[in-house]
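Protein chains in written order, with UniProt numbering: chain A, 1 to 280; chain B, 1 to 284.
There's no promise every hint is true.
Said to hold, decoys possible - On the chain A side, residues computed to face chain B include the following (Cβ under 7 Å):
1. 174
2. 176
3. 179
4. 181
5. 183
6. 185
7. 186
8. 187
Stated by the list, open to error - Straight-line alpha carbon distances no greater than 27 Å define the calculated BS3-like cross-link-like pairs of lysine-lysine that follow:
9. A:197 / B:111
10. B:22 / A:185
11. B:22 / A:197
12. B:116 / A:185
13. A:185 / A:197
What the hints assert, rightly or not - From the structure, some residues in chain A lie toward chain B, with a derived Cβ separation under 8 Å:
14. 141
15. 142
16. 180
17. 182
18. 189
19. 191
If you are wondering where the hints come from, they were derived from the structure by calculation, not from laboratory data.
All C-beta atoms, glycine included, are put in the ideal place defined by N, C-alpha and C.
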Amino acid sequence: MPSTLLDERTEAELNPRQRQAARAIGVSTYATKAGRVGRGLLGIAILALVWEFFPRLGVVDPYFLPPLHTVLQAWWDLASGGELWVHVKASLSRSVVGFGLATVVAIPLGAAIAWYRPIREILTPPLEMFRNTAALALLPAFTLILGIGETSKIAIVTYACFFPILLSTVSGVATVDPQLLRSAKVLGLSPVATFRKVVFPAAVPTIFTGIRISGAAAILVLIAAELVGATEGLGFLINYTQMNFLIPQMYAAILTTTLLGLTVNYGLVAVERRFSRWRT
Amino acid sequence: MSALIELERVGRTFPVRSDTDKRIHDFVALEDVDLTIGAGEFVTLVGPSGCGKSTILDLVAGLAEPTSGTVSIGGRPITGPGLDRSVVFQQYTLLPWRTAQGNIELALEAKGGLNKAERASQAEEYLRLVGLADFANRLPGELSGGMKQRVAIARSLSVQPEVLLMDEPFGALDAQTRELLQEELLGIWERTGTTVLFITHDIDEAVFLGQRVAVMSARPGRIREVVDIRLDRSGAGDHDIRGDIRGDIRGTQAFAGYRHRIWNLLRERSAGSVGRREGVASVA
Numbered sequence: 001m002p003s004t005l006l007d008e009r010t011e012a013e014l015n016p017r018q019r020q021a022a023r024a025i026g027v028s029t030y031a032t033k034a035g036r037v038g039r040g041l042l043g044i045a046i047l048a049l050v051w052e053f054f055p056r057l058g059v060v061d062p063y064f065l066p067p068l069h070t071v072l073q074a075w076w077d078l079a080s081g082g083e084l085w086v087h088v089k090a091s092l093s094r095s096v097v098g099f100g101l102a103t104v105v106a107i108p109l110g111a112a113i114a115w116y117r118p119i120r121e122i123l124t125p126p127l128e129m130f131r132n133t134a135a136l137a138l139l140p141a142f143t144l145i146l147g148i149g150e151t152s153k154i155a156i157v158t159y160a161c162f163f164p165i166l167l168s169t170v171s172g173v174a175t176v177d178p179q180l181l182r183s184a185k186v187l188g189l190s191p192v193a194t195f196r197k198v199v200f201p202a203a204v205p206t207i208f209t210g211i212r213i214s215g216a217a218a219i220l221v222l223i224a225a226e227l228v229g230a231t232e233g234l235g236f237l238i239n240y241t242q243m244n245f246l247i248p249q250m251y252a253a254i255l256t257t258t259l260l261g262l263t264v265n266y267g268l269v270a271v272e273r274r275f276s277r278w279r280t
Numbered sequence: 001m002s003a004l005i006e007l008e009r010v011g012r013t014f015p016v017r018s019d020t021d022k023r024i025h026d027f028v029a030l031e032d033v034d035l036t037i038g039a040g041e042f043v044t045l046v047g048p049s050g051c052g053k054s055t056i057l058d059l060v061a062g063l064a065e066p067t068s069g070t071v072s073i074g075g076r077p078i079t080g081p082g083l084d085r086s087v088v089f090q091q092y093t094l095l096p097w098r099t100a101q102g103n104i105e106l107a108l109e110a111k112g113g114l115n116k117a118e119r120a121s122q123a124e125e126y127l128r129l130v131g132l133a134d135f136a137n138r139l140p141g142e143l144s145g146g147m148k149q150r151v152a153i154a155r156s157l158s159v160q161p162e163v164l165l166m167d168e169p170f171g172a173l174d175a176q177t178r179e180l181l182q183e184e185l186l187g188i189w190e191r192t193g194t195t196v197l198f199i200t201h202d203i204d205e206a207v208f209l210g211q212r213v214a215v216m217s218a219r220p221g222r223i224r225e226v227v228d229i230r231l232d233r234s235g236a237g238d239h240d241i242r243g244d245i246r247g248d249i250r251g252t253q254a255f256a257g258y259r260h261r262i263w264n265l266l267r268e269r270s271a272g273s274v275g276r277r278e279g280v281a282s283v284a
């Protein structure tokens with residue numbers, strides 16, 4: 001059944017009080033789980049078919065875009081040989097360290113910025129400047145200062161992850177419902193307890209928005225940094241295979257970064273759901 | 001009956017920027033407010049919106065300080081919030097990530113002096129008091145508006161305050177739930193003996209609940225008159241065999257008389273004040 005957004009969103013359904021009285025939740029006639037999963041798989045299947053048959057039919061040059069089965073074959077060879085894992089491990093550890101550092105520093109700093117008005121007013125302009133400086137534009141500077149090794153790569157990941165988390169923490173803490181703060185005050189909670197028991201839990205869902213953006217940024221920026229100068233890592237693998245005309249292996253490496261990104265994103269979504277379950 | 005809360009010649013002004021001349025003025029929210037509340041009394045405060053009802057509650061709660069005059073509890077001036085006074089606000093102020101029981105435990109954590117098991121059992125006891133024992137593990141998002149306010153009342157009572165301050169707590173509820181909760185509140189008040197200061201803009205609610213009704217006028221906010229309510233409440237809140245509320249006090253002649261008198265007080269005042277004062281109250 002073709003259904004537009006208009007049909008779906010304006011579908012007649014039980015109102016919240018009826019749902020409560022019936023102790024049940026409404027079921028949409030449009031969105032069923034099987035239908036959703038099925039259509040999602042169909043999308044992937046179409047993409048796979050296009051990738052497989054366009055090179056075969058000569059729509060694109062099969063040398064520069066090999067058919068999917070060739071790429072998957074190359075991927076399997078890289079994976080079973082253990083070579084792929086070396087690069088994934090190198091990339092993953094850099095991302096995790098950079099991302100972790102950013103989280104550990106940005107959340108307390110963001111909370112302090114939001115909590116104390118003078119700190120917020122002093123730090124906001126310089127932070128806005130840093131935020132609007134693209135991480136990759138600073139790559140040469142990082143390389144100059146920190147050298148070509150691990151430090152500069154981890155530093156640039158940290159930099160890229162830092163600002164989304166910082167800004168979402170600031171906004172999450174600063175926009176806590178004043179009514180909750182008033183009730184914490186009349187309950188006689190100390191400022192520290194108020195922060196720990198009221199402000200921070202209330203801000204967690206907003207903070208997670210930043211964490212998810214950072215998760216994606218961590219992989220993205222790292223791959224770009226590895227493309228430029230590295231001896232291992234997925235970015236290096238992509239660059240190396242391209243230089244040596246190992247085209248199927250290059251696509252295999254690219255596909256791996258996609259999988260890595262998907263894993264990180266869905267992992268963070270799952271964690272987010274765990275912490276924001278109350279937000280209905 | 002000994003005086004517990006005393007407001008003496010209390011005034012409160014707020015700095016405001018006027019819309020007309022863009023200068024900063026003092027807005028007089030309260031002027032010369034005198035009010036005495038005895039221990040164990042149930043006093044309701046009724047007045048038009050914007051008359052400073054909530055400001056009085058903030059002063060007693062310790063969320064604000066008077067610009068002039070004194071506010072004291074048990075003879076000591078109020079300098080800040082304290083666990084001898086608990087507040088139930090109109091907006092739902094439960095922590096949405098804590099269960100009904102967890103929200104009551106929060107108040108007990110703030111109070112201190114209890115271990116985890118003691119907090120849990122005390123929270124349970126107060127949930128039972130408001131009839132929500134079966135909903136201890138529900139999150140606020142899974143409770144109806146009336147249930148949320150009951151949890152808020154249980155939370156406020158759990159710290160065993162001397163005074164319960166209520167700022168239009170039933171304002172957001174539908175009429176039937178509101179009447180039910182009013183009766184329950186009276187029952188709880190009778191059982192616990194807590195002093196209650198209850199703010200509302202609903203005359204019926206004020207007369208139904210209060211032993212005394214303080215009627216306020218706006219601009220500047222003052223207490224116009226304090227009306228003693230003498231109604232035969234012996235049946236209020238009880239249920240007869242059929243489950244109906246016995247003797248609906250709201251239908252009696254006496255109730256109508258009080259309602260009319262307060263309605264007149266509110267009306268007279270606002271009619272008079274429009275003639276005498278214009279714009280942003282008295283400007284300093």
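Against the structure, the hints:
1. 174: Check failed: Cβ of residue 174 of chain A comes no nearer than 18 Å to chain B, outside 7 Å.
2. 176: violated (11 Å)
3. 179: Check passed: Cβ of residue 179 of chain A comes within 5 Å of chain B, closer than 7 Å.
4. 181: violated (9 Å)
5. 183: With Cβ-Cβ at 4 Å, under 7 Å, it holds.
6. 185: With Cβ-Cβ at 5 Å, under 7 Å, it holds.
7. 186: holds (4 Å)
8. 187: holds (4 Å)
9. A:197 / B:111: Between residue 197 of chain A and residue 111 of chain B the Cα gap is close to 14 Å, so the pair holds against 27 Å.
10. B:22 / A:185: Not OK: residue 22 of chain B and residue 185 of chain A at ~33 Å, beyond 27 Å, violated.
11. B:22 / A:197: violated (40 Å)
12. B:116 / A:185: Since the Cα atoms of residue 116 of chain B and residue 185 of chain A sit roughly 22 Å apart, the hinted pair holds (cutoff 27 Å).
13. A:185 / A:197: Holds, because 12 Å separates the two Cα atoms, which is no more than 27 Å.
14. 141: violated (42 Å)
15. 142: Where the cut-off is 8 Å and the nearest Cβ of chain B is about 39 Å from residue 142 of chain A, the hint is violated.
16. 180: holds (6 Å)
17. 182: holds (7 Å)
18. 189: holds (5 Å)
19. 191: With a closest approach of 12 Å, the residue 191 of chain A hint is violated.
Going through the hint list in order, the structure does not satisfy hints 1, 2, 4, 10, 11, 14, 15, 19.
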